[in-house]
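> Residue numbers (this note's numbering): 1 to 396.
Rather than coming from a laboratory, the hints here were simulated on the basis of the structure. Here a beta-carbon is modelled for each residue, glycine too, at the ideal position from N, C-alpha and C. Hints should not be assumed to be uniformly reliable.
[Unchecked claim] Between beta-carbon pairs, the in silico distance windows are:
id, residue 1, residue 2, range
1, V210, I75, 12 to 22 Å
2, V199, H109, 26 to 36 Å
3, S343, A211, 23 to 33 Å
4, W255, P24, 22 to 32 Å
5, W233, N262, 21 to 31 Å
6, F56, W154, 48 to 58 Å
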Amino acid sequence: MLADTQQWVARLRQPIVLGEVDKPLLLCVCALISIGIVMVLSASIGYSAYGYGSEFFFLKRHLLYLLISITGALIVLQIPMSVWYRSAGVLLAGSMVLLVVVLIPGVGHQVNGSSRWLRAGPLTLQVSELGKLGMIIFIAAYLQRHQIQLREQWQDFAKPVGILGLFSLLLLMEPDFGSTMVIGGTVLAMLFLAGVGLVQFVALLLVAVVAVVALIVASPYRFQRLITFLDPWADRYDSGYQLTQSLIAFGRGEWFGVGLGNSVQKLFYLPEAHTDFVFAIFAEEFGLLGVLVVLALLVLLVVRIFAIGRWAVARQNWFVAYAVFGFGIMLAGQAFINLGVTSGLLPTKGLTLPFISYGGSSLLVSSLIVALILRAGLEMKQKSKTVQIEHSGHGG
1 MLADTQQWVA
11 RLRQPIVLGE
21 VDKPLLLCVC
31 ALISIGIVMV
41 LSASIGYSAY
51 GYGSEFFFLK
61 RHLLYLLISI
71 TGALIVLQIP
81 MSVWYRSAGV
91 LLAGSMVLLV
101 VVLIPGVGHQ
111 VNGSSRWLRA
121 GPLTLQVSEL
131 GKLGMIIFIA
141 AYLQRHQIQL
151 REQWQDFAKP
161 VGILGLFSLL
171 LLMEPDFGST
181 MVIGGTVLAM
191 LFLAGVGLVQ
201 FVALLLVAVV
211 AVVALIVASP
221 YRFQRLITFL
231 DPWADRYDSG
241 YQLTQSLIAF
251 GRGEWFGVGL
261 GNSVQKLFYL
271 PEAHTDFVFA
281 IFAEEFGLLG
291 VLVVLALLVL
301 LVVRIFAIGR
311 WAVARQNWFV
321 AYAVFGFGIM
331 LAGQAFINLG
341 VTSGLLPTKG
351 LTLPFISYGG
361 SSLLVSSLIV
371 ALILRAGLEM
381 KQKSKTVQIE
391 HSGHGG
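I would like the entire structure built from these sequences, with the hints used as guidance.
Right under this line is the structure:
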């Protein structure tokens, strides 16, 4: 253990190498982050000036979170994937502890009735975002160790399901229904990719569907959101207000948009437009053409992530494969839900658009996830080069 720690510290002292990482993935993320910076400024400028006395209040905070995210990503990029594999249990336990701590009155920071954040001075951390990271790494490590037994024995299948149930319960106590849906769907997909028995998977899927329906029916505000989603114009000045204003923004954008900075909906029509509904303002200012560009970048992001995952499968590096696929599915699912909500395709959920919406915790965790994926690709590339050199040496 001491030798591993010393080796890890030695790696951190080495200069950071970015030249060999997956360039299309890195460039795609940089493009999305750049769009996010521009849109956070554009969407929040009026709200910042009115509520905080500075047009650049949210931009400054966003840039601070971005600096923290880049620093964290560069550190993660230096940590071998084997360290994450060995630390999976610790990461999950730490995530669980944070999810409990945030529920303690006076400790967790509440916003709009939800206790999801821990505050440190001017900065806040949404613990469910870190929890998603810990859960995916743990499930990937578990599937690496038990992928054969998982397909044959119910008890090995029940363990990750039980942990997911406890994790989901803690999220729902905040409450954070959106994150519960995302992480639940991601774990289900990872189990499916691991090849669990069809009977087991279908049974789990049915239980998940019944649980979701029960949660919606049992909660008045969730049920109201579903009704509003079906016909937002029926109550456009109350429960349907946010969605109708988002749809108006999409409609005003037309083909080429009204131009950067010229959005009308961000002027106190669409509440807190720089957060979950920032894509509506983007659609208004850049039109269908801009929407297609962002969609193309998101598709490229997911395609490159899955390409690295398939590479890991070809090398039978199962922990990396499951983790990378899990991260890709989570980012794709969160982006799909956000885009679906803002365009009226899905009921309203409080989920950010990765790399574009204002939200420090989401930006930090998304950046760490990309760094982990880049690290996985870098390690496989380096191992491939080592094998080629060894073969060349034997051939000589």
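> Each hint needs a verdict: does it hold in this structure or not?
Evaluated hints:
{"no.": "1", "hint": "V210 to I75: 12 to 22 Å", "verdict": "violated, 42 Å"}
{"no.": "2", "hint": "V199 to H109: 26 to 36 Å", "verdict": "violated, 44 Å"}
{"no.": "3", "hint": "S343 to A211: 23 to 33 Å", "verdict": "holds, 27 Å"}
{"no.": "4", "hint": "W255 to P24: 22 to 32 Å", "verdict": "holds, 28 Å"}
{"no.": "5", "hint": "W233 to N262: 21 to 31 Å", "verdict": "holds, 25 Å"}
{"no.": "6", "hint": "F56 to W154: 48 to 58 Å", "verdict": "holds, 56 Å"}
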